[in-house]
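K.L.:
Using the sequences and the hints given, assemble the complete structure.
4 protein chains.
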Amino acid sequence: MKVGFIGLGRMGQAMAARVQGGGHELVVYNRTRAKCADLEKAGAKVAASMAEACKGREAVISMVTDDKALLDVVTEGVVPGLPKGAIHVAMGTHSVAVLREIGALHDKAGQVLVAAPVLGRPEAAAAGQVGVVAGGPKDAVAKLAPVFALIGRRTFDAGVKPEGASAVKLANNMVLGCAIEAMAEGFSLIRKYGVEPATFFDVMTDGLFAAPAYKVYGNIIAKELYHQAGFTTALGLKDANLMLAAALAANVPLPSLNVYRDRLIDAVAHGEAELDWSVIARVQARAAGID
Amino acid sequence: MKVGFIGLGRMGQAMAARVQGGGHELVVYNRTRAKCADLEKAGAKVAASMAEACKGREAVISMVTDDKALLDVVTEGVVPGLPKGAIHVAMGTHSVAVLREIGALHDKAGQVLVAAPVLGRPEAAAAGQVGVVAGGPKDAVAKLAPVFALIGRRTFDAGVKPEGASAVKLANNMVLGCAIEAMAEGFSLIRKYGVEPATFFDVMTDGLFAAPAYKVYGNIIAKELYHQAGFTTALGLKDANLMLAAALAANVPLPSLNVYRDRLIDAVAHGEAELDWSVIARVQARAAGID
Amino acid sequence: MKVGFIGLGRMGQAMAARVQGGGHELVVYNRTRAKCADLEKAGAKVAASMAEACKGREAVISMVTDDKALLDVVTEGVVPGLPKGAIHVAMGTHSVAVLREIGALHDKAGQVLVAAPVLGRPEAAAAGQVGVVAGGPKDAVAKLAPVFALIGRRTFDAGVKPEGASAVKLANNMVLGCAIEAMAEGFSLIRKYGVEPATFFDVMTDGLFAAPAYKVYGNIIAKELYHQAGFTTALGLKDANLMLAAALAANVPLPSLNVYRDRLIDAVAHGEAELDWSVIARVQARAAGID
Amino acid sequence: MKVGFIGLGRMGQAMAARVQGGGHELVVYNRTRAKCADLEKAGAKVAASMAEACKGREAVISMVTDDKALLDVVTEGVVPGLPKGAIHVAMGTHSVAVLREIGALHDKAGQVLVAAPVLGRPEAAAAGQVGVVAGGPKDAVAKLAPVFALIGRRTFDAGVKPEGASAVKLANNMVLGCAIEAMAEGFSLIRKYGVEPATFFDVMTDGLFAAPAYKVYGNIIAKELYHQAGFTTALGLKDANLMLAAALAANVPLPSLNVYRDRLIDAVAHGEAELDWSVIARVQARAAGID
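Chains as they are written, first to last, in our numbering: chain A, 1 to 291; chain B, 1 to 291; chain C, 1 to 291; chain D, 1 to 291.
One or more of the hints may lead you astray.
One copy or any two copies: either way a pair holds, since identical chains are not told apart in the list.
[To be verified] The calculated BS3-like cross-link candidates involving lysine-lysine, where the alpha carbons are at most 27 Å apart (straight line), are:
no.: 1; residue 1: Lys-68; residue 2: Lys-238
no.: 2; residue 1: Lys-138; residue 2: Lys-223
no.: 3; residue 1: Lys-68; residue 2: Lys-55
no.: 4; residue 1: Lys-108; residue 2: Lys-2
Read the hints as simulated data drawn from the structure, not as lab findings.
P.N.:
If you want it as structure tokens, here you go:
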């Protein structure tokens, strides 16, 4: 397939390399050209502009950091450059609102929008082991199956609306945020009763919660490793705001989200924006008068 | 070891059978004598009173449903019957307050209290596969190790205070309640965006949340199987109240607990007390105007 | 009317003096006899026991600090001492549960229970200016009207169940707690924007909130006068727990109560139990990283 | 003073009429010209464009419904039309973010921004009885004093930053929203105990809460008059979102706001967007299983 790829951050590079490795004819673009080097070496063509990366492509994938960047990609690149009938696959984590907005722009330009945010880290992407949550017209999603199969280990069907895929990704992240807050509350309770955090970690991860979410974040909390940020408080809050906006647009009250979002805000107010977002366990400990 | 066992509900019978099977000299007591039948057949002696079940024992295990029953066991049975220096092992889920109260009574009577609530269902107990969370004097807990090894697959050290074990069990259950509420919020969000619940279930349990808590309760929620109650809303609320009391006694604010506890109350107010406690997902759906 | 009065704290003394001043034949009792002195001088008879304070009375008023004390009054004094058909007027702030419990005891003894908690401070009581919230059988409440008219400026009809009066008093206090928390949040927000607290106080109390709740507590918060405790955090938390229990007994979720109750717990966890309960504004400021 | 006035909704007309009545030389503009009629009759000049309404003015007042409209006013009218050194007085309720944004635009154009949202309804504005919360450079606010004195009964000093005035107005509205939610919770509690809503209304408004907020909204709730919307749920939610944004920009967690905002969302999800926002009391009643 003739594929364009815009946005070569760590995640984007890993994903584009998978597509390239799968034998597709790839054109890439990144504002900082240096990040195209490895892909160029591997055989990808480097476009001079976003529009050029879209020209003649059957599909163009965008993997950019936020809604503003996505809007730029669409107005500067995809709308003017991508052929009618071709597909724009937005694989970043975006707001429901922006997906609806660019969906309307693509509609007008005769192009198709598929949203396909991924679940997993750059290392997983490099190994083709992320999860892909795909939302959009059935035939477009079907056509992209071989590309998704290179990038991810599994594709989840989020229905025919692109924003549905965004809702799934955000809801999944929300469940994670709530799990971290719940652990935070649990750890603060048992600490007040003189129990070692390691014991509570073992109890959780040995039984009901023997899953990455609890193993990774339970360990950070138990050992207070907040300075090794995998995902920062600032990013967590940005994400939480996307969830809140998605919930508002669909009229869904989310009390647990509010709780952990407030903890993130408290953390930011205490200068902990760049620590790992599980530092909300420290916020909870503070509230309980620990330390 | 000479062991007494008081309280032969489903869980108690399964646990007592393990102890008996391990070659210990067992005396059992239950208010409804009929429930002693299987154990008697297996060789256990049946006591005529709680005090008799404690007489001459090195340790007596209690497995009763609530704090009131535990207080009865202690005042009618353990304090008058158990020898000085012997151990009372409270294995039910009890409040921090009652453990402190009976701890004082045992102290006065020269007896030792260990709290050792278990994690898991009767089937797991019958197979010796539950988790045991033990809190109490180190030597007493050490002495009980062979008994715990029969009942459970693993013993977790909750420190030297009996109520610490209760705090761990309650905190673990709280993390579970929060996980259910978080899923409830997530499911309601994605449903509003037209996504199939099964997709969200798959996304969660395939990745970050590949653990029993999410597989069991996510499945009930996705399929709305609330009438097959494994653990009822009423029991969930009773449990949540124990957590709230433990938190109050230790001055710990628990905002996430408050959220899911309010959902349980809402469910009870809607006649859903005897449904599975994950029916809070229906409460959340109602709040979002779904159905 | 022949009236007994049990419980002569500051509030009780002020109320009993009003009854005595109204020409009723009064017998008083207090565990610390010294507190009866002023009333004795004014003409009241002092009883040697709670039961004696109830003997031959048409009504006995209790004004004690908590549920435990009320249960003692009822079992030691009212049930054995008060004539059949006579009325026990519980004027303290009590739980719904204890009122139901003593209601059953009085029923069995052929006595009548009216709950009539008061709204206002000792100074208001001394001037007969409190509010009286009365719940109980209509004829009993009617019979007490002249007594209530001496104690209070106005009697509010809480229906035929004693616990209804308790619910009203607790709900009113809850609205107050929520108002304090709301102000706390408002003050923290405007402080972050560099606005003087006095300005926000003026805006609130000049307009929509020109009422004692906001004037008294807004002033304490704006000037941070938490050390002049009118009502302590510890008492606020005790009260909040009564509300929570009343809500649980009636299956009512109360999310705002949970929020301000958690703030009270946070305050207690920070050694602020004996400060004015509006110190939750400091808790809120801490959460926002102020100071 | 030479004053321009842009935005003649009900509130704007009332305010502009006060300014005109005070003898100032007034030029007005409104997109729908018909709304200028009364003011023109009273002697005001009607401008053909926003820029014209700013030309040669010492101050131009804007009173528009939302941030988008304000941005239009600034870019189309104030920046191109208003003389250097002159003042733009934004008197609508706006987000902190947009005030910062237009502040920067005015700065660049050598103009001065004052934010001065008003507290009160159109009738109060017509009588010059609203409150004015003014934020901006001291000398600019001082210069506007005579104008504010015509519009309002009192001017509150919100400091030297325009967004401070917005924060005060939003915080005041937030305290109101929280008061309504608190009443909602109180009413649901006492109803469950068989108490008449009117009693609870009397208790609140007779004592601690003898203020407009409680009298107006307590009455609507007690009598369930939600169809006579003074301020709709939809507007309440729009307002709540402004508060949330102001809090986020300043890193302030606001748990009580989250509670009542979620109630508003629940109401909207139940088709109650156009009812009075105190319909959150019905949402709370629903959650408690009432009706």
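K.L.:
Does each hint fit the structure? Answer for all of them.
P.N.:
Tested hints:
1. Both within a single protomer and between protomers do Lys-68 and Lys-238 lie at most 27 Å apart by alpha-carbon distance, with minima of 13 Å and 23 Å respectively.
2. Taking the closest pair of Cα atoms, Lys-138 and Lys-223 come within 27 Å of each other only across two copies (24 Å); inside a single copy the shortest separation is 46 Å, beyond that limit.
3. For a Cα distance limit of 27 Å, the shortest separation of Lys-68 from Lys-55 inside one copy, 22 Å, qualifies, whereas the shortest one across copies, 35 Å, does not.
4. In this assembly of identical chains, the alpha carbons of Lys-108 and Lys-2 lie at most 27 Å apart only when taken from the same copy (23 Å versus 48 Å across copies).
Every hint from the earlier list agrees with this structure, and none is contradicted.
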